[in-house]
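S.K.: What follows is each chain in one-letter form.
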Amino acid sequence: MKHLNRFDQWLVIILIVGSTLLYGSISWLINASNSGQRVAIVSYKDQEILRIDMSIDANYVVQGTLGEVFIEVKDQSIRVEKETSPLNICSIQGWVSSSLVPITCLPNHILIVIVAPKEGDIDFEVK
Amino acid sequence: MNSKANVKNMMIITMLMAMSIVFHLIEPVLPIPVPGVKLGLANILGLIALMLFGIKTMYAVNLSRVLIASLLRGILFGTGFWVSLSGVLISTTFVALLYKTNKFSVVGLSIAAAAFHNVGQVLMIMLIYSSVFMIYWMPPLIWLSIPTGLLTGILATGALQRLRVSK
Chain A
1 MKHLNRFDQW LVIILIVGST LLYGSISWLI NASNSGQRVA IVSYKDQEIL RIDMSIDANY
61 VVQGTLGEVF IEVKDQSIRV EKETSPLNIC SIQGWVSSSL VPITCLPNHI LIVIVAPKEG
121 DIDFEVK
Chain B
1001 MNSKANVKNM MIITMLMAMS IVFHLIEPVL PIPVPGVKLG LANILGLIAL MLFGIKTMYA
1061 VNLSRVLIAS LLRGILFGTG FWVSLSGVLI STTFVALLYK TNKFSVVGLS IAAAAFHNVG
1121 QVLMIMLIYS SVFMIYWMPP LIWLSIPTGL LTGILATGAL QRLRVSK
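Chains A and B, in that order, give the protein sequences. What the first sequence shows, in our numbering, is residues 1 to 127, in sequence order. What the second sequence shows, in our numbering, is residues 1001 to 1167, in sequence order.
Just so you know, not all the hints are guaranteed correct.
Computed footprint of chain A on chain B, listed as stretches where at least three residues anywhere in the stretch have a Cβ under 8 Å from a Cβ of chain A [said to hold, decoys possible]:
1) 1009-1022
2) 1048-1060
3) 1094-1105
4) 1108-1118
These are computed hints drawn from the structure, not numbers from a lab. All of these numbers come straight from a predicted model, not from anything done at the bench. Each residue gets a CB set at the ideal place from its N, CA and C atoms; glycine is no exception.
Take these sequences, add in the hints, and give me the full structure.
M.R.: This is the structure we're talking about:
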């Protein structure tokens, strides 16, 4: 690369290696602690508003900052089906079945994370 | 003569600030194939400020960009503002540290700025949402920041060559 000097190249290598190691470590750690994951936690402005049993195919609606956020669970996967936001990033993200991948609707302040279940986890369901 | 040069420098810095605010405002509407990823065109102006006037001016250009653009978009002190501010503060600080070593080119500094901007943003999102899971996004964003930083670095180098010729 003619635009990069020796130090720039080292910086790029450090960034790639460092971020890859970080990615591998996170993947390993979360996979190790989340075997048998079945519960999705939906939070609004850092407050948990819904726990979803991932084994049941269903649709849910929660209220976000810019409007209603429609959530769908199917075949142990979850997605934001529809929401109101400038770029619709979280609905474009599509289906998620791994606890490694949170769904973040930043303009709506909605966060969906899949975690390992605990006893009596399902508080309520919204149909 | 000295005051003339001061006025000229002040005008250039003001224009850099104005252009960085414009880039910051128009960038979200530019079509990028990867959702949530931005080119970071506003970083070009911060780098030009660094190379022409030094570290303090780079801080001034970058911080004023976040403050004024957030004010214009009506999100001052909202979530987006804090995410932008943390990204800018961390990236500007790292670029300043690397610049002081005198070992990195403009392109290298641009890549560092892009990468650490993402690091700062993810750290702030982790803090706001109290979720360590968000760190999962950091490595892919760092990978993507390398080509975007390379592009903005090349653009900044070209702009600097023209600016120095015209000076």
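S.K.: Taking the hints in turn, state whether each one holds.
M.R.: Here's how the hints hold up against the structure:
1. Judged by the Cβ-Cβ criterion of 8 Å, the stretch 1009-1022 of chain B is not covered by chain A as claimed, because only 0 of its residues qualify and three are needed.
2. Remark: the stretch 1048-1060 of chain B is not confirmed as covered by chain A, as 0 of its residues place a Cβ nearer than 8 Å to a Cβ of that chain, below the required three.
3. A stretch counts as covered by a chain when three or more of its residues have a beta carbon under 8 Å from one of that chain; for the stretch 1094-1105 of chain B and chain A the count is 5, and the coverage holds.
4. Chain A is given as covering the stretch 1108-1118 of chain B, and this holds because 4 residues of the stretch bring a CB closer than 8 Å to a CB of that chain, at least three being needed.
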